[in-house]
Amino acid sequence: MMTEGKVPLRQIDDCRWEIPMSYKKGMRVPGLIFADEKILPQIHSDQSLEQVANVAHLPGIVRYALAMPDIHWGYGFPIGGVAATDPDDGGVISPGGVGYDINCGVRLLRTQLMETDVRPRLRDLIVQLFNTIPCGVGQSGDIHVSKKDIRKLIVRGAGWAVEQGYGVAGDLAHTEALGVLEDADPDAVSPRAYQRSEDQLGTLGSGNHFLEVQVVDKILDPDVARKFGLELGQVTIMIHSGSRGFGYQICEDSLETTRRALSKYQISTPDVQLACAPVRSPEGKQYLGAMRCAANYAWNNRQCLMALARQVFEKFFMRSPRDLGMDLIYDVAHNIAKFERHTVRGKEKFLCVHRKGATRAFPPGHSELPEAYRDIGQPVIIPGDMGRNSYLLVGTQQAMDETFGTSCHGAGRAMSRKAAIKAADGRSIEKELEAKGIIVIGRGRNGIAEEQPAAYKDVNEVVDVVHRAGIARRVVRMRPIGVIKG
Amino acid sequence: MNPIVKPYETFEHTADTGLRMFGGDLRELFLNAALGLSDLMTNVERIKETTSANASRQIVHRTFDLKAENIEELLWLWLREILFAFSSRRLVFFEYGVQALDETILKVQATGVCFDPATDEQRHEVKAITRHGYHVVKQNDRWVAEIIVDI
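As you go down the protein sequences, you meet chains A and G in turn. Mapping of the first sequence onto this note's numbering: position 125 corresponds to residue 125, and the numbering continues sequentially without gaps. Mapping of the second sequence onto this note's numbering: position 143 corresponds to residue 1143, and the numbering continues sequentially without gaps.
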C-alpha cells in the first residue's frame, strides 16, 4: 500500500514504511520510517519525510536513512533521524546529523521515596529545585571552571565532575560510554566555543530542557523493573539537558567548515544543513575531535545537575543521598555520532552512527553495557511532555539487527511554538497542570505555553510503536508530579 | 525611505522558530534583523526604556566590522555576531550607528547593556542561526530575509 502525501511511502508492516530510492534522484539507500497509521498523518504534516529522503543522499550511508516514530521537522536531518555511514566506503560525518545541542540527553535517577512521602510538601520541593538549579535564558551557573580545567573536563568526561565531588564513581558505570568519548581534541575547539562555555556548567538551559520529579505509575515488565529497583508509586527524577553554548558553537563552526569543504570532496547534498565531510578527512577528524569535547562537556553538565538535585533532596528531607537511594539508573545521549560495530549483510562493519534525536538501544549481552544490565539490555529513557508520561525501556536484539541499535528519543513536537501559544489562548497551563497534581515552575515568558502537553505527540503512542516494532521493550511508565523549566 | 509596516515577524517551524525580516533599504533590513533576533531572546524595547530610566545601568559599545562575498553571507554573519554577543557576554543592543554598509561590507557601532536575567525579560535561548531555508530577496524595492533559528 502507498500513502497519500508528497513523499510516497510503501507500507512494510503495521509499524514500518519505506521511502523508495526511486523517490528522489541521488538517494543511495531507501528511507525506513517507524510509525503506525495513528502517528503517520502528523509525520506527513511537516517536511520531515523529505528530510529523511535527503539524508539518504549522504556518501557511504549504509542500509537505510532511518526515522523513529517521534520524527519531526529539523534542519538538514529530521529530529528522530538515524544514519550509519561506512568510513571504509567513503562514509561521511555530518555535524547536522548530530545537531547543535551535541550530546543532548536524559538521565534517570531512582529514589527510595514514595509519592506519599513527597506529595504533602511537593510545591516546596519543586521551589527548592527551581531556586537551586540554574535555568532559563542568560542564567549562569555557580560552578566556575578555569580555562585550564575546561580543557581537562572536555577530555576526561564525567569522571572530572566526580573527581570534583559532583557525584560518585558508580554514576559513571551507569552512563552511556562511561560518560566519556575517547579522542576528544581540545585544539579542535574554537575560542568562541570556549567563550560560550563559561559559567554554563551545571545549568539546565531553556526550551525543552527540564528537570522532573516523577512517580512510577505502571509496571510493564515486573522482572526487569525489579532489577532496576523500581516499583509502583516510587519517586524518580529525570534530567534533560546537553552541552549548552559550547556544543552549539562547535556545531556552528563545523557546519561552516564542512560546507566550505563540500566541493573539495565533490559532495553535493540537497540541503546545505546536511554539509558533511569524509570521516577520515581533516575536516571530518576536526569535527569528531571537537564533537567529542562537547559530548564530554554535556556528560559533565548532567552529572553536575544531578549532584545539585541530590543536594536539594538531601537538605529537604534531611537524609543522605545514600539513605534516599538516589542512584543513577542510566544516562543516554540522544544527539551524537558514535563509532560502533554492526553486522550488515552478514559482515561485521565499523560504522559511524549518527543519532539525531534518537537513543541507543543495545541488546542484552552487549559488551558496552554495565554489569548490572548485561542480562536485561541497555536502559532506554524516553521523556514525554510535562502532562503525560515518560518511559523506561530496554534495548533489544531487533534494534541491533535493524536500526543500528537505536530507538526513539521522546514524544516529538506536534505543534510549532507559535501554534502552541495560540492554542493556550491565554489559559494558564500551570493551573491546568496543577489541577492534575503536577507542579510546574518555569522562567521564560510563554515558555510553559510553548512546552504544554498539547504541543507534543502522545508519548504513549510513540513508545507503543517502538515496542510493537521490537526496537525497544517497555519496562516502566512514569508520570510527572513536579517540573522545572528554563 | 519607504515606510515599513513591521520590522520583522516570526513564522512557524515545528521545533524551532522562523524569523522573517523586512527593510526598505539595506540599513533597515540589517537593523530589523538584529532587533528581530534580540526580541526572540528578550524584550529590547523594555530594556531600552529601563536603561534610560536607570542612570546606573552601564552602557556598552561594540564595533562590528564584517566582510562577506554577498548579501546572504553578510546578513548571516551579522546575525551570528548578535547571537554570539548575547550568548558569550550577555550583550543586548538597542542602538546602532551604521558607518558603512553595502551588500558585502558592514561596519557598525552597537550600543546596549549587559542582560540581567533577574530583571530583564527572558524569552528564548537561541542556540544557533541555521541555514535551513535561509534566503534574502529584494521584492518591489523591499528587502525580505527568512531564517530559522534553533531554540
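Please note: incorrect hints may appear among the correct ones.
What the hints assert, rightly or not - With a Cα cut of at most 20 angstroms, we get these calculated DMTMM-like pairs of lysine to aspartate or glutamate:
#, chain 1, residue 1, chain 2, residue 2
1, A, Lys264, G, Glu1069
2, A, Lys422, G, Asp1039
3, G, Lys1067, A, Glu256
4, A, Lys285, A, Glu434
Honestly, the hints are just simulated from the structure, not real lab data.
How the hints compare with the structure:
no. : hint                    : verdict
1   : A:Lys264 with G:Glu1069 : 19 angstroms, holds
2   : A:Lys422 with G:Asp1039 : 19 angstroms, holds
3   : G:Lys1067 with A:Glu256 : 16 angstroms, holds
4   : A:Lys285 with A:Glu434  : 49 angstroms, violated
Hint check: a violation occurs at hint 4 only; the rest are consistent with the structure.
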